[in-house]
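4 protein chains.
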Amino acid sequence: MKVSIIGSTGYTGFELVKILIKHPHIEISAVTSDSYAGKNFSEIYPQLTNIFDKTIEPNNFEQIASKSDIIFLCLPHAASMDAVKYFFVKGKICIDLSADFRYQDISLYEKTYKINHKYPELLDFTAYGIPELFEKNIKSAKIIGNPGCYPTSIIIPTYPLLKEGLISPEIIADSKSGVSGAGKKPTEKTHFCEVNEDFKPYSILSHRHESEISSILKLADKNSKVIFTPHLLPINRGIESTIYTKSDKSLEQLYDCLKEYYKNKKFVRIYENSIPSIKNVQYTNFIDIALFKRRETLIIVSCIDNLIKGASGQAVQNMNLLLNLKESTALI
Amino acid sequence: MKVSIIGSTGYTGFELVKILIKHPHIEISAVTSDSYAGKNFSEIYPQLTNIFDKTIEPNNFEQIASKSDIIFLCLPHAASMDAVKYFFVKGKICIDLSADFRYQDISLYEKTYKINHKYPELLDFTAYGIPELFEKNIKSAKIIGNPGCYPTSIIIPTYPLLKEGLISPEIIADSKSGVSGAGKKPTEKTHFCEVNEDFKPYSILSHRHESEISSILKLADKNSKVIFTPHLLPINRGIESTIYTKSDKSLEQLYDCLKEYYKNKKFVRIYENSIPSIKNVQYTNFIDIALFKRRETLIIVSCIDNLIKGASGQAVQNMNLLLNLKESTALI
Amino acid sequence: MKVSIIGSTGYTGFELVKILIKHPHIEISAVTSDSYAGKNFSEIYPQLTNIFDKTIEPNNFEQIASKSDIIFLCLPHAASMDAVKYFFVKGKICIDLSADFRYQDISLYEKTYKINHKYPELLDFTAYGIPELFEKNIKSAKIIGNPGCYPTSIIIPTYPLLKEGLISPEIIADSKSGVSGAGKKPTEKTHFCEVNEDFKPYSILSHRHESEISSILKLADKNSKVIFTPHLLPINRGIESTIYTKSDKSLEQLYDCLKEYYKNKKFVRIYENSIPSIKNVQYTNFIDIALFKRRETLIIVSCIDNLIKGASGQAVQNMNLLLNLKESTALI
Amino acid sequence: MKVSIIGSTGYTGFELVKILIKHPHIEISAVTSDSYAGKNFSEIYPQLTNIFDKTIEPNNFEQIASKSDIIFLCLPHAASMDAVKYFFVKGKICIDLSADFRYQDISLYEKTYKINHKYPELLDFTAYGIPELFEKNIKSAKIIGNPGCYPTSIIIPTYPLLKEGLISPEIIADSKSGVSGAGKKPTEKTHFCEVNEDFKPYSILSHRHESEISSILKLADKNSKVIFTPHLLPINRGIESTIYTKSDKSLEQLYDCLKEYYKNKKFVRIYENSIPSIKNVQYTNFIDIALFKRRETLIIVSCIDNLIKGASGQAVQNMNLLLNLKESTALI
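Protein chains in written order, with UniProt numbering: chain A, 1 to 332; chain B, 1 to 332; chain C, 1 to 332; chain D, 1 to 332.
Rather than coming from a laboratory, the hints here were simulated on the basis of the structure. Since the model is a prediction, treat every value here as computed from it, not as a measurement. We put the CB at the ideal spot given by N, CA and C, even for glycine. Treat the hints with caution; some may be incorrect.
[Said to hold, decoys possible] Estimated spans, in silico, between C-beta atoms of each pair:
1. A:Lys139 x D:Glu188: 53 to 61 Å
2. D:Asn223 x A:Asp34: 54 to 62 Å
3. B:Ser250 x A:Lys2: 53 to 61 Å
4. C:Pro76 x A:Gln63: 52 to 60 Å
5. B:Ala79 x C:Pro76: 54 to 62 Å
6. A:Gln63 x B:Glu170: 56 to 64 Å
7. B:Glu170 x A:Lys185: 36 to 44 Å
Please take these sequences and the hints and turn them into a complete structure.
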């Protein structure tokens with residue numbers, strides 16, 4: 001199978017390359033970037049010197065289509081939808097890491113991202129890419145809307161509990177992310193001296209991932225309401241979400257529900273006697289989950305690596321499903 | 001005024017020394033530690049070489065009493081109460097940084113710390129040391145129960161709102177602290193490689209500060225209930241608390257309440273157009289607060305330096321009040 | 001005394017403000033910045049909210065001259081020399097934190113910075129601002145060329161030993177600096193994810209500070225030759241220099257020389273039984289020094305805070321000398 | 001092939017497990033530790049939950065010998081030699097990560113480590129395990145003295161240049177290591193608050209790795225003399241060495257020598273147009289090297305991951321050689 005990575009020089013592109021070069025059934029035909037075209041990929045990421053020295057190509061869709069079966073798109077939202085349209089028409093499978101194909105409700109997407117969606121007709125061919133929850137959709141999709149990092153950490157532990165009516169639909173998610181979530185472009189917000197030894201919330205009650213989370217959780221319980229507060233951690237990678245809700249069920253019942261839902265899901269680890277931490281999932285595709293309860297208060301803790309399970313790892317996991325490969329190929 | 005610092009070689013003792021050597025009305029008569037007696041203080045903290053090279057004395061209470069008017073106690077809980085008793089009887093003022101004198105409800109203290117309190121009679125002479133809220137008590141007290149770091153960050157922003165009945169008494173406090181809060185003693189939990197690049201909650205639904213917070217907030221609203229989740233940040237110092245509750249009042253009314261309560265309080269800074277961050281309070285005695293609201297959800301963000309406003313700075317602020325000095329002496 | 005700070009919104013300007021607001025004989029008349037004019041200083045640095053909320057002015061030299069006795073210049077090199085010329089002509093004292101007045105040898109400056117020096121005539125009124133070495137020059141100067149951070153850490157420990165002919169003139173300085181040395185402007189080099197958990201040398205055999213170091217050390221020993229290698233440390237602030245040279249003198253003789261030179265110099269701390277570390281000088285104006293010797297090999301270790309002794313603290317120390325104030329005013 | 005890891009719960013044991021579980025020709029028969037016997041390995045390292053949950057065994061040599069062909073020893077020096085002796089007699093291959101079998105000169109070992117070596121007769125069966133330099137010895141050895149982390153970073157770039165007489169035998173190595181090099185045991189030296197935001201040299205002119213480096217470099221040039229200064233970096237992993245020496249050869253000649261020596265060596269990467277950095281080798285078995293020259297001064301920069309190329313990765317690389325497997329198996 002031949003794959004290409006569009007917009008490959010950001011952090012998610014780098015992670016995709018590192019995963020895919022270990023994939024036994026995949027060949028990377030092209031990595032692209034308009035800014036770095038002509039350079040070797042290992043000039044941008046010297047860690048890959050002598051391992052992946054491929055020349056970066058410009059974003060010439062025609063050329064890429066001619067030599068790819070599957071396209072990973074690491075473009076900004078809005079830019080991504082045109083590319084997906086092009087490759088879809090050519091019969092290619094698209095795994096889109098932007099937000100452009102994460103919403104079934106176009107108006108919610110448009111309100112959240114403040115742009116028009118030009119191709120609502122493509123949504124019929126699209127699946128939201130959490131493999132543990134939407135396997136059937138993913139296997140028959142042509143376009144995968146690869147989930148946001150924060151949403152992945154919040155939806156996986158709460159979806160089954162909401163679906164089974166075991167918890168209140170009102171959820172508070174207090175999430176903390178490493179700096180790589182903000183991308184590779186230098187800004188004041190990512191300057192070392194501004195981030196290091198600091199910690200703070202940001203985009204309070206206004207982060208775009210909140211509507212993504214809500215829209216998916218409403219599929220489980222139409223009354224779902226989410227309060228989502230992201231914070232910036234002075235670390236490179238990882239997300240921890242501490243999630244508060246109410247439940248009149250026992251801790252055991254809640255654990256049973258999650259264990260049943262995820263019993264064959266390799267990448268979901270449920271802890272009954274310890275607390276997840278970012279360190280335990282860093283550089284892996286795992287999501288670690290634990291539950292804590294006192295009277296009706298339920299606290300859910302989940303951790304992922306934002307660049308792997310929260311982005312590129314999950315993207316490859318989606319690809320594996322689509323190709324009927326073992327879900328964990330190249331991911332363990 | 002002559003002060004001594006008992007158990008001076010931990011992080012709070014070090015901060016006390018750094019503040020008090022700049023205090024124009026104070027002379028440090030003694031710094032003590034059983035483990036380091038005989039060494040110079042600047043051997044333990046070379047940063048103070050040529051600035052504070054005083055020899056550390058053993059914990060000989062008689063000698064210390066003979067040369068001190070005020071005693072700062074940086075001992076572990078339980079050990080502290082005997083020392084306070086001794087110095088109280090000698091007519092000294094005690095500012096106790098342990099938990100031993102933070103509770104008016106002895107049984108709650110005993111349940112939380114799992115030991116008996118030997119001197120309940122001293123509580124009549126004790127004040128809980130948040131100067132912005134309990135100034136009158138502090139000024140007439142002989143013993144100050146200096147607050148915990150997490151409680152300081154949570155009580156200051158919520159107490160007035162609860163007192164005025166403007167918010168729901170059910171509060172969720174999701175707090176994050178730098179590693180100095182865990183003390184100077186090396187443990188697996190504070191090993192660099194375990195903490196660095198990691199983040200996680202700990203003591204979920206079981207941290208001892210929760211009962212301290214509840215017991216004080218019940219003074220404001222007897223129905224107060226607090227869910228408190230601490231997390232360990234990979235930074236040296238600072239606490240951020242993101243606090244969730246409900247309110248049917250407008251954001252303006254809530255701000256007005258806080259601004260009125262704290263209008264002459266130098267160390268409370270209330271932000272209406274920006275988000276507090278740990279960096280802005282590090283190495284200061286400030287608490288920075290902001291409010292955010294959507295429909296009935298209220299989010300309060302507060303930040304302090306855990307070793308200053310959360311411990312030694314607040315201790316000196318209490319001393320300044322007791323001595324009728326300007327509250328900010330040596331603190332700005 | 002009225003002082004102004006030109007180009008005040010970078011890290012050295014921020015440190016100057018923090019020091020000068022504690023200075024009993026100084027009033028800050030103006031802080032300037034073309035980019036941030038009209039904003040409050042505490043909007044740029046919220047840490048100073050309620051402490052220093054002064055409005056930032058544009059770089060209008062005429063207005064600044066009219067209300068200042070002393071001018072601190074935190075401009076880039078080249079831009080600085082025009083400003084210094086202007087204020088010098090108006091009879092003001094200039095303390096220039098750029099490189100423009102650090103060289104007595106104009107051709108070396110021009111070769112190093114690849115621009116022409118427009119005002120060589122001003123060098124007669126200029127002193128190189130290491131107070132511990134050039135006190136007499138500084139006291140009679142009108143312009144202070146405030147030293148570079150790396151040069152400060154290397155010159156102070158080696159100058160006396162070279163001057164007395166106790167060490168070989170061939171010196172290797174392996175120096176490591178925190179990220180604030182690279183300034184406040186976001187670049188790829190200062191992006192959190194690029195710096196954090198990394199370490200590397202940079203500008204090997206080509207850093208501009210090498211010629212500054214050499215030119216000053218040649219005043220002590222005309223045969224001085226310096227190999228200088230800077231490295232980027234993943235910390236906010238601090239410089240450590242490990243300096244290698246040869247000597248046929250005993251360790252005691254070498255220590256005696258330094259102790260004699262710096263016996264009344266408050267900010268030079270010489271350690272005979274321990275190793276300096278960045279932590280011990282952070283947020284202080286101290287330089288900590290120790291010597292180590294085996295056969296003819298001499299290793300000198302020195303540490304400073306790059307923003308204080310390496311920039312703004314030393315600038316104020318120079319001002320104190322010029323004004324015949326106690327050298328440590330506002331600095332301890 | 002069946003391997004066991006003795007003393008498996010430290011950082012090098014953890015890395016060995018992570019590498020060996022991906023090795024196609026290896027089965028891990030046992031992981032041992034006296035302190036943690038009876039626990040699951042994934043309780044100590046939860047990152048491996050569901051991946052490597054093997055029960056840790058006590059250090060019962062007889063049992064281990066009965067089920068292993070190859071033994072990796074991650075014991076402290078002195079403890080290691082008895083274990084090696086036991087397994088050697090049983091006909092097992094030993095890869096020893098301690099210092100006990102790194103020295104051919106017993107008296108130098110004994111002077112450096114201040115203990116007697118009980119089995120000098122074993123040295124005839126021992127090879128120093130730098131695969132790029134001592135392949136032939138390694139292939140015929142029964143015991144591998146796996147090199148120290150600092151020595152690996154210094155010997156690989158300098159050995160060929162010394163051997164060919166291209167550089168002066170007097171070498172200064174200024175090295176910096178992440179904290180994992182100090183091991184997993186909590187000490188004051190590894191307390192987060194002591195290390196974070198700090199940097200300093202340690203063991204100046206007295207580090208035990210200096211004699212290891214010298215003894216190996218003397219094989220290349222019997223006049224070799226090394227000055228070695230280690231420093232502690234506030235990062236988890238990685239070593240950077242900046243090495244100073246003199247040479248009258250051209251930079252091109254020096255590069256040619258290294259390129260010739262290492263032309264088929266996968267894990268040695270030589271850079272002619274960029275500067276190595278720790279980030280580029282983290283989590284890899286590579287050593288990155290570059291040279292810089294001005295007149296007769298030569299500066300060599302090298303970077304490794306201290307736990308991989310500096311310990312467990314190199315140990316597996318040695319095993320691969322011994323087993324006539326592809327050198328990079330499980331390492332790329």
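Comparing the hints with the structure gives:
Judged by the Cβ atoms, the range 53 to 61 Å given for Lys139 (chain A) and Glu188 (chain D) holds: they are separated by roughly 55 Å. Between Asn223 (chain D) and Asp34 (chain A) the CB atoms are about 55 Å apart, so this pair conforms to the stated range of 54 to 62 Å. At roughly 59 Å, the beta carbons of Ser250 (chain B) and Lys2 (chain A) sit within the given window of 53 to 61 Å. A hinted range of 52 to 60 Å for the beta carbons of Pro76 (chain C) and Gln63 (chain A) is inconsistent with their spacing of about 44 Å.
Look at Ala79 (chain B) against Pro76 (chain C): about 56 Å separates their beta carbons, and that is inside 54 to 62 Å. At roughly 59 Å, the beta carbons of Gln63 (chain A) and Glu170 (chain B) sit within the given window of 56 to 64 Å. Between Glu170 (chain B) and Lys185 (chain A) the C-beta distance comes to about 41 Å, which sits within the given range of 36 to 44 Å.
The earlier numbered hint that this structure contradicts is number 4, and it is the only one.
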